[in-house]
Amino acid sequence: MNAKGMFVDTSICTGCKACQVACKEWNGLSGEPSHFAKKAGYPYRVANNFSGRSYDNTQNLSATDWRHVRFIEQFNADRSEARWLFASDSCKHCNNAGCLNACPVQAIVRTDLGNVFVKQEVCIGCKYCIPACPYGVISFDQRTGTVHKCTLCNDRIHNGLGTACAKACPTGSIAFGDVPDLKMRADARLVQLKKLGYEKANIYGYDEAGGLNVFYLFLDKPEVYGQPEKPVVPQDRLHISSGVTVAAAIAVAVGAAIAFRERGEKKDKP
Amino acid sequence: MMALESQAPHWEWYYIALYFFIGGVSAGAYFIGSLIELLGYEKHREVSKAAYRIAFPLICITPVLLIADLGRPERFWHLFFSNGPGSIYTNHTSPLSVGTWALLVYSGMSFLSFLNVQVEDGRLALPALKKVHEMFSRLPHKVYAAIGSFFGFFVAGYTGVLLNTTARPLWAGTDPWIGALFIVSAASTGAAAIALVMARRQALAPDTARSLQTFEQPVMIAELAIIVVMLAVAGRYAVPLLTGLSGVLFLGGAVLLGLLVPLGRQFMARAGTAERDGGVIITSAFILAGSAFLRIALVQAGQS
Ligand code: SF4
Chain E
1 MNAKGMFVDT
11 SICTGCKACQ
21 VACKEWNGLS
31 GEPSHFAKKA
41 GYPYRVANNF
51 SGRSYDNTQN
61 LSATDWRHVR
71 FIEQFNADRS
81 EARWLFASDS
91 CKHCNNAGCL
101 NACPVQAIVR
111 TDLGNVFVKQ
121 EVCIGCKYCI
131 PACPYGVISF
141 DQRTGTVHKC
151 TLCNDRIHNG
161 LGTACAKACP
171 TGSIAFGDVP
181 DLKMRADARL
191 VQLKKLGYEK
201 ANIYGYDEAG
211 GLNVFYLFLD
221 KPEVYGQPEK
231 PVVPQDRLHI
241 SSGVTVAAAI
251 AVAVGAAIAF
261 RERGEKKDKP
Chain D
271 MMALESQAPH
281 WEWYYIALYF
291 FIGGVSAGAY
301 FIGSLIELLG
311 YEKHREVSKA
321 AYRIAFPLIC
331 ITPVLLIADL
341 GRPERFWHLF
351 FSNGPGSIYT
361 NHTSPLSVGT
371 WALLVYSGMS
381 FLSFLNVQVE
391 DGRLALPALK
401 KVHEMFSRLP
411 HKVYAAIGSF
421 FGFFVAGYTG
431 VLLNTTARPL
441 WAGTDPWIGA
451 LFIVSAASTG
461 AAAIALVMAR
471 RQALAPDTAR
481 SLQTFEQPVM
491 IAELAIIVVM
501 LAVAGRYAVP
511 LLTGLSGVLF
521 LGGAVLLGLL
531 VPLGRQFMAR
541 AGTAERDGGV
551 IITSAFILAG
561 SAFLRIALVQ
571 AGQS
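As they're listed, the protein sequences go chains E and D. The opening position of the first sequence corresponds to residue 1 in my numbering, with each subsequent residue numbered one higher. The opening position of the second sequence corresponds to residue 271 in my numbering, with each subsequent residue numbered one higher.
Among these hints, one or two may not hold up.
A short, non-exhaustive set of chain D residues, derived as facing chain E with CB atoms under 10 Å [stated by the list, open to error]:
no., residue
1, 280
2, 368
3, 433
Derived from the structure by calculation, the hints contain no laboratory data. Glycine included, every Cβ here is placed at the ideal spot set by N, Cα and C.
Work the whole structure out from these sequences, hints included.
The structure is reproduced here in structure tokens:
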């Protein structure tokens, strides 16, 4: 079966955050606890996530925010000129997924549709997948003691539906489908944009981390959108660091053999 | 290029860094002791015995620390038997998974070696433990010393590989050196712990003290060298390790107190003889504290 994925065409995103709302709705996600705080005079916690520097109020992905429309708000010094870029971000469902490679208990699995899924009943909350994700996606929730992230709407896609975010997107910026189909669509759109003069337009996710099932069309360099130019899947380096460590161990063993031999055996045995 | 936005796992230093430290001392002591046993250096049998007496009790503490840091401590057994596929499970691309198995095997071997020492000293009273000892004594002691020694190195080093195998700028930037750093630091702390225990019981023969120092010194110099290489490789990603509280712990605690001061003390005392008991105890305490600071600094700076 073809892997399912999403193509996020950021050139037509309007930053409406309908996808974020749809994701919360469908997946039954609560408000992000860190966005609320106690305030004098209020019996309940009130929102405190307004930075005063950005119109973006969720600011990053978390265990309860599986989708995040990133606002790239660029102004010149006197704020007479501005450029706003939007990109709806989520788990990329990498084909070489750092989180999955790191999981010691097989709580993170890949389903037959290619999406990377966290089994809540298996996760032990060791948190090792968190620094292993090159995109900083997967997050820990104190309340469940486990990690959470976008599932690519695992329940929906295994029942013939698309993802909730794609369904809700009013501009078609998020498209759900078979990855090869989406790629054709992305290639065509890239050609179109280049013709229109968007020189820097590029597709992000064909080669990164073994290929991303959720990939992007950006109008500027990936860094501008907060994505690493060349994400390194940590486990790709495992052989080298293991090798160096083994070499150190051998050196120490030889050192011990020499140090304790010196005055120990030489004199006694002919 | 490093990840722009990798997230910190929020491991608590008093669980994870402390585990790295205690596990390192135990494993370091054990591999020194078992190597001496394997090579048949009978003259240093007391070193082996001291090592085994240290290794097992220390490693008993570590599962408590590891399990306490889990979000779901009651599920720790999934590490060995996954309720996902419903079978025994290892993930060979995960240092955490392989390391946990290594820790299990190592604990078993260090337990057997510990029993041996107790029997040798005629201190094993519990009948049940006597039975266990008899059962395993059918195998030559060197067999589990060999297995334990291998997994001891593993336990000492995998924690460094585990940190390197992430996308956190400091830990990824210092790749592939933390594993090697933890190996040499486990070696010096293992030797220091042995020296400390023997000196406290006034059982440290001058010959033995000299051998332990002969081993420690090049290892500590190697540790300094690895630190320099690691910082050079990391470049600007090393900044969190050199600034703030982590910087104080790393430069002041690990490098100065943990390496330069002990090396200095040993060289001063060297003129002729090794340090006397009191001196050994102080030097060893510096080495041990320095290695604890090293791990706390690396774990914390990588998460800031
Ligand atoms: S983006 Fe991160 S969380 Fe998603 S599959 Fe890749 S490594 Fe895992």
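These are the hints, each one checked on the structure:
At its closest, the beta carbon of residue 280 (chain D) sits 7 Å from a beta carbon of chain E; the interface hint therefore holds under the 10 Å criterion. Nearest Cβ of chain E to the Cβ of residue 368 (chain D): about 8 Å, under the 10 Å cut. The hint holds. Restraint check, residue 433 (chain D) versus chain E: the minimum CB separation of about 9 Å is within 10 Å; hint holds.
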